[in-house]
Amino acid sequence: MWLSDEFPRDLRILRERRPLVHHFMNFVVMNDAANVTLAIGASPIMAHAREEVEELASKANALYINIGTLDEYWVESMIIAGKAANRNNVPVLLDPVGAGATRYRTETVKRILSEVEVSVVKGNGGEMLSLAGITGGVKGVDSVASANLDTAVKVAEEYGVTAVVTGPWDYVSNGKRGVVVKNGTPLLQYVTGSGCMVGSVIASFMAINRDFVKASVEGLVAFEIAAEKAEVRSKAPGTFKQYLIDELYNLTGDDYVKMAKVEVVQ
Amino acid sequence: MWLSDEFPRDLRILRERRPLVHHFMNFVVMNDAANVTLAIGASPIMAHAREEVEELASKANALYINIGTLDEYWVESMIIAGKAANRNNVPVLLDPVGAGATRYRTETVKRILSEVEVSVVKGNGGEMLSLAGITGGVKGVDSVASANLDTAVKVAEEYGVTAVVTGPWDYVSNGKRGVVVKNGTPLLQYVTGSGCMVGSVIASFMAINRDFVKASVEGLVAFEIAAEKAEVRSKAPGTFKQYLIDELYNLTGDDYVKMAKVEVVQ
Amino acid sequence: MWLSDEFPRDLRILRERRPLVHHFMNFVVMNDAANVTLAIGASPIMAHAREEVEELASKANALYINIGTLDEYWVESMIIAGKAANRNNVPVLLDPVGAGATRYRTETVKRILSEVEVSVVKGNGGEMLSLAGITGGVKGVDSVASANLDTAVKVAEEYGVTAVVTGPWDYVSNGKRGVVVKNGTPLLQYVTGSGCMVGSVIASFMAINRDFVKASVEGLVAFEIAAEKAEVRSKAPGTFKQYLIDELYNLTGDDYVKMAKVEVVQ
Chain A
1 MWLSDEFPRD LRILRERRPL VHHFMNFVVM NDAANVTLAI GASPIMAHAR EEVEELASKA
61 NALYINIGTL DEYWVESMII AGKAANRNNV PVLLDPVGAG ATRYRTETVK RILSEVEVSV
121 VKGNGGEMLS LAGITGGVKG VDSVASANLD TAVKVAEEYG VTAVVTGPWD YVSNGKRGVV
181 VKNGTPLLQY VTGSGCMVGS VIASFMAINR DFVKASVEGL VAFEIAAEKA EVRSKAPGTF
241 KQYLIDELYN LTGDDYVKMA KVEVVQ
Chain B
1 MWLSDEFPRD LRILRERRPL VHHFMNFVVM NDAANVTLAI GASPIMAHAR EEVEELASKA
61 NALYINIGTL DEYWVESMII AGKAANRNNV PVLLDPVGAG ATRYRTETVK RILSEVEVSV
121 VKGNGGEMLS LAGITGGVKG VDSVASANLD TAVKVAEEYG VTAVVTGPWD YVSNGKRGVV
181 VKNGTPLLQY VTGSGCMVGS VIASFMAINR DFVKASVEGL VAFEIAAEKA EVRSKAPGTF
241 KQYLIDELYN LTGDDYVKMA KVEVVQ
Chain C
1 MWLSDEFPRD LRILRERRPL VHHFMNFVVM NDAANVTLAI GASPIMAHAR EEVEELASKA
61 NALYINIGTL DEYWVESMII AGKAANRNNV PVLLDPVGAG ATRYRTETVK RILSEVEVSV
121 VKGNGGEMLS LAGITGGVKG VDSVASANLD TAVKVAEEYG VTAVVTGPWD YVSNGKRGVV
181 VKNGTPLLQY VTGSGCMVGS VIASFMAINR DFVKASVEGL VAFEIAAEKA EVRSKAPGTF
241 KQYLIDELYN LTGDDYVKMA KVEVVQ
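So the sequences go chain by chain: A, B and C.
The numbering used here applies: residue 1 is where the first sequence begins, and numbers increase by one.
The numbering used here applies: residue 1 is where the second sequence begins, and numbers increase by one.
The numbering used here applies: residue 1 is where the third sequence begins, and numbers increase by one.
Simulated from the structure, these hints should not be mistaken for laboratory data.
Take the hints with a grain of salt, since some may be wrong.
Intra- or inter-copy, both count: the list cannot distinguish identical chains.
[What the hints assert, rightly or not] The calculated BS3-like cross-link candidates involving lysine-lysine, where the alpha carbons are at most 30 Å apart (straight line), are:
hint	residue 1	residue 2
1	K235	K258
2	K235	K261
3	K59	K154
4	K110	K59
Work out the full structure: start from the sequences and follow the hints.
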């Protein structure tokens, strides 16, 4: 399996270094995102004040901008932090939550992408289709369209990023290399912010691995293997979410070797 | 049992349509409210920015305004969204969290009720007594008074709404019809925002059923039957809350037929 | 064991009176903090609007200011509330989350301490070292330094407060009396905001016990005994957190007598 040697090593490095991941996380998912970040082995900080985001983003090992409950104040702070991250070579992950659902979200995502150098953009099918210029795939923050590797390639090329399209299968592309991840469970759709949480895990790997296609795949597989193991313990979303955090905490390199379903397609 | 035929059908319709419920939810309960909304079968979106709430509330299938952690910015956005919902025939649920506890909350609730056409007002005993003009029944956001059907009737008539008074027994009235719901468990008092969460379930039913007395009863019973089933699995609030979400997700029309304790009293 | 007679009585008083604890809690931990407050037996309210914090803090039985996700608006409200608490003899707990991590946090903590009469300051090792004038002990909101009783004594004397330094062992000092608490489990480091949650429990005891060294020890031991009991049920952080809330709810005076590890050292 691709990354069978690298994943166990990177997971170990992550847990040794405990990198600092500065989050702009939406209010709905802040707690889960912080717990997921701790469970995989990194150190989260949530902060949005203009007075400190430049300083924090400069010191962080990765910056994760999630626009889920955006407003004007937060967007300004996200851009200040993003620029500070860029100046300090801190990689940036953008989650364009609800892009395509309102004009404000679509415009904010484009504004961030034009003002900040983003390393990875991760969204669901509808959001990524919207970024690729295809509308009508979102209802609120839930995707009602399916995207594919072409969508990832198009977003990657258009914005010069590594693009991650989540869904039943996940597609990762930087325009040159493409990967499909087939792990996961439909139950994740019944846990609010599961897509936001996987972003925290990807950002944690970005903090220690500058090959962003690999870091994205590592984050996706780690989260989704944990979800598969959690689903064995519960098939209902309340308890499933707690087991998912447990399983992330207990995840080993060996789990990757045994359970990862990854295809390099380009 | 009243609604024995309609509840199973409405639950099925809800899960087929997955209606969009735009929430202004307090920061404390956002995550649980979103997960409860997904578990019953609807699609939640939390959004508060002036730049997008008009657009979102217009597209939503129901709007839920909960003032639990209000401030000036949020209140202005709630009113913009409420007016947009009214223009687009989107039903509005108002949860007057802490009405009577501070002047600001009491005044904000009255302002929303005067500027927005609200379909359902749902609060605990102290809050609804405060709306009915009787003070002294709240301590913070917890009720220390018991209200009854008269309180619901009075609020319904005074504000032209369907009024839902939650407590050991719940009272629903639109001024013409009255219903008492006797499901639930005292353990819900030890889960923060359980009253806010039941609002998410009522709003989900309002999105597919414009008989708001029935939608309110359907939401109350669904949530409280799930709570009764959860309590069988745990009698302590940490695990109980997770089982409650599980049981909402697993709820069937048959559960209503077997477990609902509903009396039509008017 | 010290407090073997007083703890059971104070826990009973707490659950009888259900004191109101006004929280300025960070967005990440609001839900857990509210549930922990309910589980120990008090009544939480989260509120930050300028229009109501003076009124609420005046009526509350304790005020808990946690700066975890601070910004300018919130800081102004914290100070308004703190002054109102002071005028009404309501005890104030300050959690200086991330002090030392950014200039803004360090300055805000000093500003609050100069404008508000704080009864208890509770922080992790890095934060409390920063308050004692020793920098370099924090990474984001996580402590990477170990402090000790000297740190607590120094903060207590410098600011005229009861100081609580949390960590593998916890140190409490008001400058005259010192106590070490040796309960707890390292698993708490994998639950985001576990330090913030223990603050809610301490504030709940402060609401009924004006000996703040004792109230601090009571809160620490209650939370950490619950954590020890939870760890018996799960050694992974997702389910552990739920069991922790369960065990706080089920805590008895007898648990203190059997399990407390408290040393009076001054």
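Structure-based check of all given hints:
Taking the shortest Cα distances, K235 and K258 sit within 30 Å of each other both inside one copy (22 Å) and across copies (23 Å). For the identical chains of this complex, K235 and K261 are neighbours both inside a copy (21 Å) and across copies (28 Å), given an alpha-carbon limit of 30 Å. Proximity of K59 to K154 under the C-alpha cut-off of 30 Å is restricted to the inter-copy arrangement: shortest distance 29 Å between copies versus 32 Å within a copy. Within a single copy, K110 and K59 get their C-alpha atoms as close as 26 Å, and across copies as close as 23 Å, so both meet the 30 Å cut-off.
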